[in-house]
Structure formats: C-alpha cells, structure tokens
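Just need the whole structure built from these sequences, with the hints factored in.
For the record, the sequence lines run as chains S and Z. My numbering runs 20 ahead of the 1-based position in the first sequence. My numbering runs 26 ahead of the 1-based position in the second sequence.
If you are wondering where the hints come from, they were derived from the structure by calculation, not from laboratory data. Any given hint could turn out to be false.
Distance windows between CB atoms, simulated [to be verified]:
{"#": "1", "chain 1": "S", "residue 1": "G190", "chain 2": "Z", "residue 2": "A451", "range": "40 to 50 Å"}
{"#": "2", "chain 1": "S", "residue 1": "R222", "chain 2": "Z", "residue 2": "A583", "range": "57 to 67 Å"}
{"#": "3", "chain 1": "S", "residue 1": "V214", "chain 2": "Z", "residue 2": "R620", "range": "43 to 53 Å"}
All C-beta atoms in this analysis are idealised placements derived from N, C-alpha and C, irrespective of residue type, glycine included.
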Amino acid sequence: MLRSYEYGLLMSTAANTATRLFCKCFAAGDVHPDDALYIPVFHRWIQEKAVPGLLIDVADYQHVPQGPNVMLIAHEGHYAMDRTAGRLGMAYHQKRDGADSFERNLKTVVSNALQAADAMANDASIDGALSFRTDEFVLGVDDRLLAPNNADTLDQLGPQIQAFFVKLLGTEAMEVQVASDPRVPFQVHIRTEVTSTVGDLRERLNTL
Amino acid sequence: MAERTWKDRLEGEITGELTREIELFETQMAHRQTGQLDEKVFAETRLRRGVYGQRYDNGQRHDGIAKQELGFSRSKETKGPETLWDAPGMLRIKIPWGGMTARQLELMAELAEEYSDRIAHVTTRQDIQLHFIHIDDTPDIMRRLASVGITTQEACGNSIRNVTACPISGVCHDESFDVSPYAEAFKTYFLGHPDAQNFGRKFKAAFSGCEQHACGLAIMHDMAFIAAYRTVDGVKQRGFKVYVGGGLGAVPHQAQLYEEFVPEHEILPLGQAMCRVFGRLGEKRNRARARLKFLVAKLGLDEFKKLVTEERAGLPEDSRWTSLLSDAEGFLETPLRGPSALSEEPGSVEYQQWFESNVQMQRQEGYAVVTIALPLGDLTADQMRGLADVARIYTGDHIRATVEQNIVLRWIPLSDLPAVYTDLASHGLASPGAGTIVDITACPGTDTCKLGISASRGLASELHTKLGAKAASMDTAIRDLRVKISGCFNACGQHHISDIGFYGVSRKVGGHNVPHFQVVLGGQWSENAKSFGLAMGAVPSKNIPDALSVITERYLADRQGDESFQAFVSRIGKVEIKTMLKELTQVPGYEVDRSYYSDWADPREYSLGDMGIGECAGAVVAQAEMGLARSESEVFEAQVCLDKNDPDRAAALAYQSMLLAAQALIREQNINITDEPEHIVSEFRTRFFETKLFHDPFAGGKFANYFFRIHDEGVAGLNFHQAHQRVEEAQLFIEAAHSCYARMSTVSS
Ligand code: SF4
Chain S
21 MLRSYEYGLL MSTAANTATR LFCKCFAAGD VHPDDALYIP VFHRWIQEKA VPGLLIDVAD
81 YQHVPQGPNV MLIAHEGHYA MDRTAGRLGM AYHQKRDGAD SFERNLKTVV SNALQAADAM
141 ANDASIDGAL SFRTDEFVLG VDDRLLAPNN ADTLDQLGPQ IQAFFVKLLG TEAMEVQVAS
201 DPRVPFQVHI RTEVTSTVGD LRERLNTL
Chain Z
27 MAERTWKDRL EGEITGELTR EIELFETQMA HRQTGQLDEK VFAETRLRRG VYGQRYDNGQ
87 RHDGIAKQEL GFSRSKETKG PETLWDAPGM LRIKIPWGGM TARQLELMAE LAEEYSDRIA
147 HVTTRQDIQL HFIHIDDTPD IMRRLASVGI TTQEACGNSI RNVTACPISG VCHDESFDVS
207 PYAEAFKTYF LGHPDAQNFG RKFKAAFSGC EQHACGLAIM HDMAFIAAYR TVDGVKQRGF
267 KVYVGGGLGA VPHQAQLYEE FVPEHEILPL GQAMCRVFGR LGEKRNRARA RLKFLVAKLG
327 LDEFKKLVTE ERAGLPEDSR WTSLLSDAEG FLETPLRGPS ALSEEPGSVE YQQWFESNVQ
387 MQRQEGYAVV TIALPLGDLT ADQMRGLADV ARIYTGDHIR ATVEQNIVLR WIPLSDLPAV
447 YTDLASHGLA SPGAGTIVDI TACPGTDTCK LGISASRGLA SELHTKLGAK AASMDTAIRD
507 LRVKISGCFN ACGQHHISDI GFYGVSRKVG GHNVPHFQVV LGGQWSENAK SFGLAMGAVP
567 SKNIPDALSV ITERYLADRQ GDESFQAFVS RIGKVEIKTM LKELTQVPGY EVDRSYYSDW
627 ADPREYSLGD MGIGECAGAV VAQAEMGLAR SESEVFEAQV CLDKNDPDRA AALAYQSMLL
687 AAQALIREQN INITDEPEHI VSEFRTRFFE TKLFHDPFAG GKFANYFFRI HDEGVAGLNF
747 HQAHQRVEEA QLFIEAAHSC YARMSTVSS
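Pasting the structure below:
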C-alpha cells in the first residue's frame, strides 16, 4: 500500500512516548559477502567497542531464512545484518534506556544503524564487497501498546518520521510505504530518488 | 487516550489468579531491588516463573583476548547469586503438551519482536524460549501471555516442569487413546499445588499414547504415563502403565516400571503421593543427586512403592482427582475442514521430498499431520505469523510443538497438502527431512547457557548445512538416523537417546583449551527412548562433521542385511569404533591450525572462562522461606493499598498475608494443611500457639493474638485507622513467623 504523506500537526500522544524504535538501511546490489563473515566482525566490535552501546554477544541465526541472520546483542538494543523479507541490511533495534523524546530516539536508531553500516562496509575483512544504499530505509516501532500498526499511529508518528527523513536525505520527494498487516510492528518504508553516501548522511545527522 | 501500560490495557482479560501471581512477582522484584528480599529466595521465585539466567549474567565475558567486565550501570543490583539485574536472561514459556492456538503463536511473534531477538526457540520439552530478555520486561510479558491463557509459572526451578505428551496424540494409528486431556489435567492439578513446592530439584512428567514409538519419551522422565486399556468384568477401562525415576543428565537413568496399570482416576492422587514422598525424602543439599531417580535408586523400587502407597492411603480426598478428568473420554478435536482424498498430481520434486518426510497420515481417514522442521528449533516472528495464518486457513488451532524442536499441524485435509506446502514454503517453513538425520536437536550450549562447554548450536548448524546438501541422495539407512547434541554432559539436547549423539567437553592441548564433543553412539529413540547410547571418545569440535561421515559410511558399508544402527554399534564394539575415530581425535598444534582452538560460529579463542553456575534447579530454598516471602509481598501490597486510600483491600491483604505466613509454618509440620482460613487458624493454634513454639521471648503470644483477632473479627467495614493498625500487626506477625522459623531451623539442624 503506497501512501504519500501530508504533513500534520505534531501532537503529544502515546505513540510519541514509544522508545523501542528500529531502523534498517539496506545493502546495495544483489551480491554480498558470505553471511558467516559478519560473525568475526561483530566479535571484534565487542572487543573494540566499535559501535554505541554496551555490547554483549553475537547471535548466529543464519539457519533461519529471512530472519535477523547475524546479530550483535547489546544492552540498549541489537544490531543485525538482517535478512528480514529477503533483503540484506543493517538494522538497529533499540530495546531500552531510550530518551524521552521521540525525535531523539529516532535520531539514535538511525545514527546507530548508519554507523554500524558504515563500519561494516569499511571493515577490512569485508574487502569492499559490501555497501549500503542511502535512498531507502525502514523505520519502525516495536511496541504494540504505544504504537500499534494502525492509522492512529501513522497519524501520530508519520509526520515526524517523514520530517526527519526530509532533513536527513535533503529532499521532500519521497515515497512512504506502510506495512499493511496490523499484526506487524508499525513501520514505514521510505524511498527517495536522491542518493548520497553513508558518510554524508552521518555528517548531516550530526547537524540535526 | 491509549493505555500507557499493559497492566491497564489487559485489565479484565486475565484471570484473577494470574493477575495476583504477576503482581506478586512485581512486588518481589521491587523487594529484591530494595534489598528486602534475599537474592537466593528471589532467584528461586523468578525461576519458578520461568525467568532464567543466561550466559554472561555475572557481568563478565571473555572476548577472545581477555575477560571483560560488562559495564551495566546497575552493577550492584542482583537477581540471584552472581546474577546481575540488568544482564539479559531467558524466559521459558510452558506450552502444556505442546498445544498452541494460532493467536498464541502470533503473540509469541509479538514478544520476540518487542522484548527478545525476534526469534523464538522450541525446546526439547515442548516449551518456547525467548532469549536476551530484561527482567524488567517480564511482568508485561507474563500479562500478555496470560491474556491468551499461557503462564510461565513453574517453567523452571524446583517444580513440576512442562507436562509433555505425544504431539500426534488423538490422531495416531497406534495409540490406545488420546492422552492430551490427561496431560492437561495433570498440569492443571499440579500447577502451584502445595505438595509440589518442596522438591530438591525439578520433576518432569510425560504422557505417551503407546509403547512402541518415541513421541512421549517416557523412559527418560521422572514420572511417565503410557496409555493402556484393561477389561474388568467385561468393562473396558482406561488407565496408564506408569514409570518412575527416569532422567537423562550426567547420570542417565531408565525409568522403572512402577505399575502395569493405574486406572485413570488414580493418576492424580498417585502423582500427588509421589510428590509428597519426593518432597519429604528427596535429597535437598546435593543438587547433583536430588532428582527423583536418585531417591528411587536409593530406596529401591519396592520401598519407594511402599512409601507412596502409604502416602496415597492417607491423602485427603480431593474432588478434582476425578472432576478434572470428567471430559477426558469425550475429548475430541474438531477439524476445520472436511476430510478429502490425496491429489492425483505428483507435484514437484521438492513437494515429493517434503511429503515423504514431513507428512504422516492420521488415523482419521482423509487427514494428515504435517511436520514443520525448524532448524535448531528456531523460527522468526514473521514465520510465526505465517504459520498462524496457515493454521487458520487449513486446520484451526491444532498446532503442537514437539520434543524434536519442531511444530506439527494436525487435521490437514489430504487434498490441501499441496497448498499447505506452497504456503509454508512462502514462509521458509517447508524444509524436508523432518525426523531424519538433518533434523538435528541441539540445546542452547555456549550460545546462551551458563553451563555450556561447547557450541552445540554452532555444530548443529554446521551439520545441518552439510547434511542438508546431500540429504536427497542419502541412503535411507543413514537418512533415518537421528543426531542430537548437548553443550555439556547435562544432556538437555537428549544426546543419550539418539543414534548418534554428541556432548560438549574440553581438552587441553599444548597449554590451550580445545573444544571437543564426546561421541555417544547407539541410543534408542523409539519405544519411548528405550535405551541410552555409550560414549566412544572425545573428538575435537572441528572434526565432528568428519567423524559423523566416518561413522555413517562405515555403517553403510558394513551393515548386515537390515541391521539397525544400535545392533551395528554393539556388533563392531567400542574398541573398533575408537580405532575408527582415532585419527580424528588428533589436534594440530596451536601454531599449525588455529581453527581448532575456537568453536563453531564463534571465532573467539576458546576458553572455559565464561562458564557460570547453572540455574537449572535454582538453589534449594525451603518451602517455608518461599511462603514467608510470599506473605511479605502480600503485606507490602496492603501498605500500597493504604497509600491509595483503600482500607478495605489493605485490611483484606493484611489478613491474607498472616494466613500465608501461618500456613508456611504449619506446612513444616503438617503437609495436609489446606488454604481454608479455619483450618489454618486451628492448626496454628494447636501446633504453634498452645505449644508456645510461636511465642516471642519478650512479647509472648502477643503477635499470635493479632492473627486470632483479625480472623475472629473479620476485616469488613474497618476505617482507615483500623486498617492501618491491621497492616502494622500483620507486619509484626510475619516478623515473628520468621523468628519462629529460624528457631525451628536451628533446632532441627
Ligand atoms: S546440556 Fe549443558 S549446555 Fe546444554 S542447555 Fe543443558 S546445561 Fe546448558
């Protein structure tokens, strides 16, 4: 279901208080390194504290099709070289210790996902075989109490998410797709025609 | 306005009992955080609610170079001995006899997404486990589970664990009758039963519909029931062949036949009598010898039977012994769609492979059972929703988890099989090979278990990939073998009862630790896990795939006629097998091949430094201590009610807290104490007041009189001041109960 989104008034609502946000940025191209390569990278990140959070362990779910694949478990949230819906990408799911503003949480999950994507793409062991798109993101909320996947949540959060991505991507021309199954976490799939680099996006994010 | 908490959202949707149970746990969590509840007692209370520890929860992890502190901000708060509050843990969700509805499956997906790592694990005892859960989230999870009729109560700890049963019970060709309603009655009767709260370790029960198949795994349970009929005076009677004292673990025991036939109405009192004997005489101090199997072995079966028979004779009559079974005989599942015939179309090669291994015909003509083979028992949130959809379309709520970490759908009309296959395939759930060598069972091992020595899941995943690639061309003699893997000798992966089993061990080579697996051959899965395999020697983890090839190729080459794998193993003997594997036991030097010095799917240099203290049984906390902790939580709730200006409820809770404290003391002397206030007060008066056992050295019987007064006068219509006074008195009474218990313990030790 495609919907172009109208900006609306920001309201203080229950959905606004949700903190379990997630962001996925997608790998570019169709050919990617063997998933097993991500395991040692994540272990090294734990040693080097390479990405934000209290990094705890690595979980290998390569055997489960179209799932979280290879995960880096952290106290505040989980990173994953995720294959949900059959598409590889770097996901960050915030689990706890969120901020008290939706916008700050939004910024954190996007920032963490981008930072991890950047680090993975530039890891020596990956040898330049992986890069990430900057024109497509999924942003969602793992919280069916505060932000169920319905029109109310979309009304409450859609404008903020879209406004955020307009600033991040530097364009208002974007397509926003909403997951139609009410059982899944609320999520919007954002696509633009404008491309950039992960590094540029991270820099721009710092200014937001 | 949307509700801000699950508590508000689900109000009225959860039974009062479960609501209380969850609120009580929340109170105990608060007490633990303020230091009012001892960490050992709290650990047992959380374990009994399925809230389990996980690897690294002592706040330390070896990162491959050195042991590192995990810098949780609340580094001083603990949820058990050496278990940090903030450290992620596992939640075990009991699925009695593996039966689930589509909605329940969807909820698992929601919980996995919101609180866990988006994956749910089906266990070898038909539970579902979620990992990396924060304890602060558990009350909400419990509420959400309760809203769909699931509890985590007694999923871990020294209690009666999930009651398992054949997943094809009711549709099987060979069963005597459907055991599902009996497993359900057993679960209902013993959940929270006072006679099942005083064990030194866990107690596992299973129901099986027949003797010849493996589904119920009766022989490896503390208490197992195999459905049987007998005819008395021309009347056919339902009952069970009962086994006791089985168990895997480091010292596996075959269960012994307790009784050839126990009539159905006797199974609950028999179970209760056994629980009492186990609670009274079972080992409490040495956890390694505290399972029922050790008590049966120590006493001998005859003496054990004598004690149970005596106990049974003295049990106070309970109407639920029969009422819980009143509908058992008429229990019948209703299929969603009518029966139909198989399609004439052969379907694709993939469909045929799947059909051959994953579909079994039901006893009821026109229907089949479909097995969804889950790699390592894992499935994603999307897959759970997809599976719920498939169930809703073709079969309704007839979903069951299996002890082989799979899921089955029953009552699939035969003509729907191609469509079911297509739908399952669209969710990645139509892998063939259920019940074959590729369908490997594995415990969590070093991935998440504190006791794990080797990476059982890493190895299982490796074998699954390797074997899966050649499964289609495998000889059936090999394909039909079963492989099971445990991360250590505790045998949660059930390695003893597979044709080829492995369990994790470690060996020191040139000053370095090297992960190994002990090879266990010749266990028997069929006939309810009839025999256990024998250890043949340890092989480095990285050589296990080769070891498996060597063993299976030799079996294929030397097999005599249709000789079974067990017969083959016993014919060629341990010496020959050791010789066969000898070359593979060699470990190249550290400088030659470092890969041997790390485990599957874990590139860190292997170390044993991450092992912790297991929580499988929790510490043994006396039943009285648990009861007193519960009474404290009640009185705390009473104080909260006072703060909320609710004197009626505060006074009622104060009274309830005193009853609980008194009952906890009485149970030390009289196991038959009921929940009836009259009974509790009269027993307390006789045993503790008149004997002066309860008397305080300074205040005498004053605190006991508070209890008698509240009982005599009741709590209705008290004003705020009076309610306040009752709450204060309850607090003092509970303190006195603690002192009394301490005096009793000193005397008895
Ligand atoms: S067998 Fe050992 S490693 Fe596996 S779950 Fe049991 S205790 Fe943990």
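Structure-based check of each hint:
Checking the proposed 40 to 50 Å range against S/G190 and Z/A451 shows it holds: the Cβ atoms sit about 42 Å from each other. In this structure, S/R222 and Z/A583 meet the distance hint of 57 to 67 Å, their C-beta atoms being roughly 60 Å apart. Judged by the Cβ atoms, the range 43 to 53 Å given for S/V214 and Z/R620 holds: they are separated by roughly 46 Å.
Consistency note: the structure conflicts with none of the earlier hints.
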